[in-house]
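Numbered per the working numbering, the sequence shown spans residues 1 to 352.
Hint data in this document are derived by calculation from the structure and do not stem from the laboratory.
Just to be clear, a hint being listed does not mean it is correct.
[Unchecked claim] Below, a list of computed lysine-lysine pairs in the DSS-like style, where the Cα atoms sit at most 25 Å apart: (1) LYS188 <-> LYS7; (2) LYS314 <-> LYS324; (3) LYS83 <-> LYS171; (4) LYS171 <-> LYS103; (5) LYS52 <-> LYS143; (6) LYS103 <-> LYS218; (7) LYS52 <-> LYS83; (8) LYS124 <-> LYS245; (9) LYS188 <-> LYS52; (10) LYS10 <-> LYS83; (11) LYS83 <-> LYS218; (12) LYS323 <-> LYS7; (13) LYS124 <-> LYS211; (14) LYS10 <-> LYS218; (15) LYS103 <-> LYS7; (16) LYS143 <-> LYS171; (17) LYS124 <-> LYS103; (18) LYS143 <-> LYS318; (19) LYS52 <-> LYS103; (20) LYS248 <-> LYS138; (21) LYS103 <-> LYS10; (22) LYS245 <-> LYS138; (23) LYS332 <-> LYS143; (24) LYS10 <-> LYS188; (25) LYS7 <-> LYS218; (26) LYS143 <-> LYS323; (27) LYS318 <-> LYS332; (28) LYS332 <-> LYS314; (29) LYS314 <-> LYS10; (30) LYS188 <-> LYS143; (31) LYS10 <-> LYS171; (32) LYS83 <-> LYS143; (33) LYS171 <-> LYS124; (34) LYS314 <-> LYS7; (35) LYS52 <-> LYS138; (36) LYS248 <-> LYS171.
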Amino acid sequence: MSSEKVKHPKGLWLANISTGIQCHCGYAFSSVFILFLTADVSANGLGLSVAKAASIIGVFTAINYMGSIFGGWITDNYLGIQKSLILGSFLNGLAYLVLFFIKPSIAGIWSGLIILIAAGMFFKGQISNLVGSLYGAKEFTRKDAAYALYYMSINIGAFFGPIISGLIADKWFAEIASNGEILSYGYKYIFLMNAILMFAVAVFIYLTAPKLLGEVGKYPVNGKRAVKAAKSSKKEVVEHQPLTKTEKSRIWSMVILFIFVVLFWSAWFQTQTSFSILMNDLVQRNIGGFTIPVPWLVAYNSILCVVFAPLMAKLWLKLGESKKGDLSIPTKMALGMLFTAGAFVVLIIGIN
């Protein structure tokens with residue numbers, strides 16, 4: 001009986017496999033996107049300036065992440081998580097297919113990006129919400145463990161995406177001269193790979209959701225059928241209550257932390273913009289006759305997350321057992337910001 005309690009719901013496999021593949025595709029795309037935008041037209045790029053390319057990526061990324069708010073509202077009121085994930089996966093595949101077939105132009109690229117934004121509305125926030133929905137309101141330990149596995153799947157996808165995209169763009173589908181110089185890149189075949197994978201995810205969710213998820217996420221949470229399903233499965237129905245004074249103060253704290261989180265991610269996303277340009281133009285990447293593809297730089301972060309996550313977890317537990325106790329979350333965030341700033345200092349010194 002006790003061994004049954006520690007098992008995770010089968011729906012967690014659906015969530016982890018789906019998000020792992022989606023992250024594989026997302027990072028495969030983002031790791032080469034600025035290189036594609038700035039590469040010469042003769043090399044299968046769009047031929048834009050770095051400034052123009054970076055502005056397109058900035059606008060796209062901002063709208064893409066903000067779109068989850070609207071997608072969440074539509075999901076909660078009309079679709080339900082299961083339908084939302086199928087729709088998001090299908091739109092993801094469609095967007096990449098458009099990017100594969102269109103002739104390189106700013107208008108053509110934006111047609112694909114707009115579909116990607118719509119896809120993100122129905123997938124990004126909903127898949128993480130699904131993980132939490134698989135557990136009861138008071139199953140904190142099991143839910144924490146589930147999210148640890150979930151984020152591990154994200155990092156696995158985020159690692160292999162840039163690795164494969166680098167090989168596709170610079171090796172497998174590239175036109176390479178006898179002296180090793182790349183004459184044209186295979187960027188569009190990354191889009192084709194992503195389209196095939198995301199269509200497969202849509203089919204996978206459609207076929208397995210009835211068995212692996214059952215009633216979880218099947219109906220909109222604000223719909224009557226969802227309430228009836230929750231009651232019939234003897235799950236606790238959480239009613240919406242007005243915010244308490246403590247909860248309101250915590251929200252204001254979140255707003256303050258939000259500002260610093262925005263600054264951190266603004267710095268982190270340089271790995272997919274200015275860092276990629278820097279590595280492409282200034283870094284000597286030839287090792288023993290093998291030229292390291294630029295997208296592999298983005299995969300480096302995922303490896304560090306996988307390696308250091310358990311080490312940092314042990315450190316926090318050890319600090320928690322000490323007299324002073326564990327560091328507060330704002331302190332940990334401040335340390336992260338300081339290390340980020342230090343990384344940029346090292347880059348400045350290296351460039352000079």
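Status of the hints after comparison with the structure:
For the proposed pair LYS188 and LYS7, the alpha carbon gap of about 42 Å is over 25 Å, so the pair is violated. Annotation: proposed proximity of LYS314 to LYS324 holds, straight-line Cα distance about 16 Å (limit 25 Å). Simply put, LYS83 and LYS171 have alpha-carbon atoms about 38 Å apart, too far for the 25 Å limit, and the pair is violated. For the proposed pair LYS171 and LYS103, the alpha carbon gap of about 22 Å is at most 25 Å, so the pair holds.
With a CA separation close to 43 Å, the supplied pair LYS52 and LYS143 exceeds the 25 Å bound. For the hint pairing LYS103 with LYS218, the CA-to-CA distance comes to about 39 Å; that exceeds 25 Å, so the pair is violated. Pair hint LYS52 plus LYS83 does not hold up; C-alpha atoms about 36 Å apart against a cutoff of 25 Å. Of the pairs offered as hints, the one joining LYS124 and LYS245 is violated, with about 31 Å between alpha carbons and a cut-off of 25 Å exceeded.
This hinted pair checks out: LYS188 and LYS52 have alpha carbons roughly 20 Å apart, not beyond 25 Å. Between LYS10 and LYS83 the alpha-carbon distance is near 18 Å, which keeps this suggested pair within the 25 Å criterion. A hinted pair counts as satisfied when its Cα atoms are at most 25 Å apart, and LYS83 with LYS218 qualifies at roughly 7 Å. The suggested pairing of LYS323 with LYS7 is violated, with an alpha-carbon distance near 35 Å, which exceeds 25 Å.
A C-alpha spacing of about 22 Å is found between LYS124 and LYS211, which places the hinted pair at or below 25 Å, so the restraint holds. Taken as a hint, the LYS10 and LYS218 pair is honoured in the structure, with Cα atoms around 15 Å apart against an allowance of 25 Å. With a C-alpha separation of about 49 Å, the suggested pairing of LYS103 with LYS7 is violated against the 25 Å cut-off. About 41 Å separates the Cα atoms of LYS143 and LYS171, which puts this hinted pair outside 25 Å; it is violated.
Between LYS124 and LYS103 the CA atoms are separated by roughly 28 Å; this puts the pair beyond 25 Å, and the hint is violated. Under the criterion of a C-alpha separation no larger than 25 Å, the hint pairing LYS143 with LYS318 is consistent with the structure, at around 22 Å. Annotation: proposed proximity of LYS52 to LYS103 holds, straight-line Cα distance about 19 Å (limit 25 Å). At most 25 Å may separate the alpha-carbon atoms for a hinted pair to count; LYS248 and LYS138 meet this at roughly 22 Å.
Proposed proximity of LYS103 and LYS10 is contradicted: the alpha carbons are some 43 Å apart, above 25 Å. Pair hint LYS245 plus LYS138 holds up; C-alpha atoms about 22 Å apart against a cutoff of 25 Å. The suggested pairing of LYS332 with LYS143 holds, with an alpha-carbon distance near 22 Å, which does not exceed 25 Å. At roughly 35 Å between alpha-carbon atoms, LYS10 and LYS188 are farther apart than 25 Å, so this suggested pair is violated.
For the given pair, LYS7 sits about 22 Å from LYS218 by alpha-carbon distance, which is consistent with the 25 Å threshold. A threshold of 25 Å between alpha carbons decides the hint, and for LYS143 with LYS323 the separation of about 28 Å lies outside it, so the pair is violated. Only pairs whose Cα atoms come within 25 Å are accepted, and LYS318 paired with LYS332 is accepted, the gap being roughly 15 Å. A hinted pair counts as satisfied when its Cα atoms are at most 25 Å apart, and LYS332 with LYS314 qualifies at roughly 14 Å.
For the suggested pair LYS314 and LYS10, the alpha carbons sit about 28 Å apart, so the restraint of at most 25 Å is broken. In summary, the hint linking LYS188 to LYS143 is not supported, as the alpha carbons are separated by about 39 Å, beyond the 25 Å threshold. Taken as a hint, the LYS10 and LYS171 pair is broken in the structure, with Cα atoms around 38 Å apart against an allowance of 25 Å. Using a Cα cut-off of 25 Å, the hinted pair LYS83 and LYS143 holds, with the two alpha carbons roughly 23 Å apart.
Simply put, LYS171 and LYS124 have alpha-carbon atoms about 31 Å apart, too far for the 25 Å limit, and the pair is violated. Proximity of LYS314 to LYS7 is assessed by CA-CA distance (about 23 Å); at most 25 Å being required, the pair is judged to hold. Note on LYS52 and LYS138: the hinted pairing is violated, with a Cα-Cα distance of about 49 Å set against a maximum of 25 Å. With a CA separation close to 54 Å, the supplied pair LYS248 and LYS171 exceeds the 25 Å bound.
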